[in-house]
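Participant: Sequence:
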Amino acid sequence: MLDPFCGCGTTVHAAEKLGRQWIGIDITHLSISLIEKRLKDAFPEIKFEVHGTPKDLEGARDLANRDKYQFQWWAVSLVDTVPFGGKKKGADGGIDGHIFFRSGAKTVEKAIVSVKGGGVGVKDVRELTAVVDRERAKVGIYISLEPHTEPMKKEAAGAGLYDNGTGRKVPKIQLFTIEELFAGKKPEIPLMERGFKAAAREERDDQPEFDL
Numbered sequence: 018m019l020d021p022f023c024g025c026g027t028t029v030h031a032a033e034k035l036g037r038q039w040i041g042i043d044i045t046h047l048s049i050s051l052i053e054k055r056l057k058d059a060f061p062e063i064k065f066e067v068h069g070t071p072k073d074l075e076g077a078r079d080l081a082n083r084d085k086y087q088f089q090w091w092a093v094s095l096v097d098t099v100p101f102g103g104k105k106k107g108a109d110g111g112i113d114g115h116i117f118f119r120s121g122a123k124t125v126e127k128a129i130v131s132v133k134g135g136g137v138g139v140k141d142v143r144e145l146t147a148v149v150d151r152e153r154a155k156v157g158i159y160i161s162l163e164p165h166t167e168p169m170k171k172e173a174a175g176a177g178l179y180d181n182g183t184g185r186k187v188p189k190i191q192l193f194t195i196e197e198l199f200a201g202k203k204p205e206i207p208l209m210e211r212g213f214k215a216a217a218r219e220e221r222d223d224q225p226e227f228d229l
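Going by this note's numbering, the letters in the sequence shown line up with residues 18 to 229, in that order.
Rather than coming from a laboratory, the hints here were simulated on the basis of the structure.
All figures in this text were calculated on a predicted structure; none of them were measured in a lab.
Careful, some of the hints might be misleading.
[Unchecked claim] In silico BS3-like cross-links for lysine-lysine, where the CA-CA straight-line distance does not exceed 27 Å:
id, residue 1, residue 2
1, Lys-171, Lys-155
2, Lys-170, Lys-202
3, Lys-155, Lys-186
4, Lys-140, Lys-202
5, Lys-140, Lys-171
6, Lys-127, Lys-140
7, Lys-127, Lys-202
Generate the whole structure from the sequences, applying the supplied hints.
Facilitator: Next comes the structure, spelled out in C-alpha cells:
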C-alpha cells in the first residue's frame with residue numbers, strides 16, 4: 018500500500034492493522050513525527066524506517082538552513098510538543114510549541130517551547146522567560162542548534178524552579194541543544210498528559226484469534 022499524502026497516518030495505521038506492507042509519504046516533518054508516535058503507541062513491537070528526517074547534527078543544520086519553519090516543527094517534535102498556531106508560518110510571539118500537563122487532578126498547565134536555528138545568546142533566555150511569564154506558563158523549554166553560553170546557563174538558573182505542589186521541583190527555564198536531544202536528554206516536567214494524545218493499542222487483524 019502506498020499513501021503519497023499520509024497526513025495524520027490513518028491509512029498506514031489501517032494497513033499495519035491489516036498486516037499489509039505499506040509506504041507513507043509526507044512533506045512535513047511534523048506529520049512524520051506524529052505518524053511515528055501513533056504507530057509506536059498502537060503497535061509497540063512495530064519496526065519501520067524513516068527516511069528524510071535529520072539523524073544527526075549535520076542533518077539538522079542542513080534542514081535549518083533550507084527551511085526554518087520545517088526545522089522548528091521537526092525540533093519541537095523531539096520533545097513531543099504541540100506546535101504553536103497549527104504549524105502556520107509567520108510571527109509566533111516567541112512561541113514555537115506548547116507542552117500541556119496536569120499539576121493536579123483538574124489543573125492543566127503548560128510549558129512554552131522556543132526553537133532557535135541560528136546564533137544564540139543570553140537575550141534569548143531573557144525573552145523566553147518574559148514569554149513564559151506573559152503566557153502564565155510554568156516552564157520554558159529552549160532548543161537550539163548551537164551550544165549554550167555560560168551567561169545563558171546562569172540566566173536560566175536565575176529564573177528559579179517550578180514546584181507543582183507534589184514536592185518535585187524542576188527548573189523553570191530549561192536549555193537543550195539538538196545534540197543533547199539526539200542523545201536522549203528530555204525536559205524535566207512532571208507530565209501526566211503529553212502533547213500528542215497516545216493512540217490506542219491495536220491488535221493486528223491478520224493474527225489468529227486462537228491457536229490451532
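Participant: Take the C-alpha atoms of Lys-140 and Lys-171, compute the straight-line distance between them, and say whether it is at most 27 Å.
Facilitator: holds, 12 Å
Participant: If you draw a straight line from the CA of Lys-155 to the CA of Lys-186, is it 27 Å or shorter?
Facilitator: holds, 11 Å
Participant: Could you grab the alpha-carbon distance between Lys-171 and Lys-155 and see if it respects the 27 Å cut-off?
Facilitator: holds, 19 Å
Participant: Between the alpha carbons of Lys-170 and Lys-202, is the straight-line distance 27 Å or under?
Facilitator: With Cα atoms ~16 Å apart, Lys-170 and Lys-202 stay inside 27 Å; holds.
Participant: Please work out if Lys-140 and Lys-202 have their alpha carbons no farther apart than 27 Å.
Facilitator: It holds: about 24 Å lies between the C-alpha atoms, which stays within 27 Å.
Participant: Please verify whether Lys-127 and Lys-202 have alpha carbons no more than 27 Å apart.
Facilitator: holds, 20 Å
Participant: With a cut-off of 27 Å on the C-alpha distance, tell me whether Lys-127 and Lys-140 pass.
Facilitator: holds, 22 Å
This entry satisfies every hint, going by the numbered hints stated previously.
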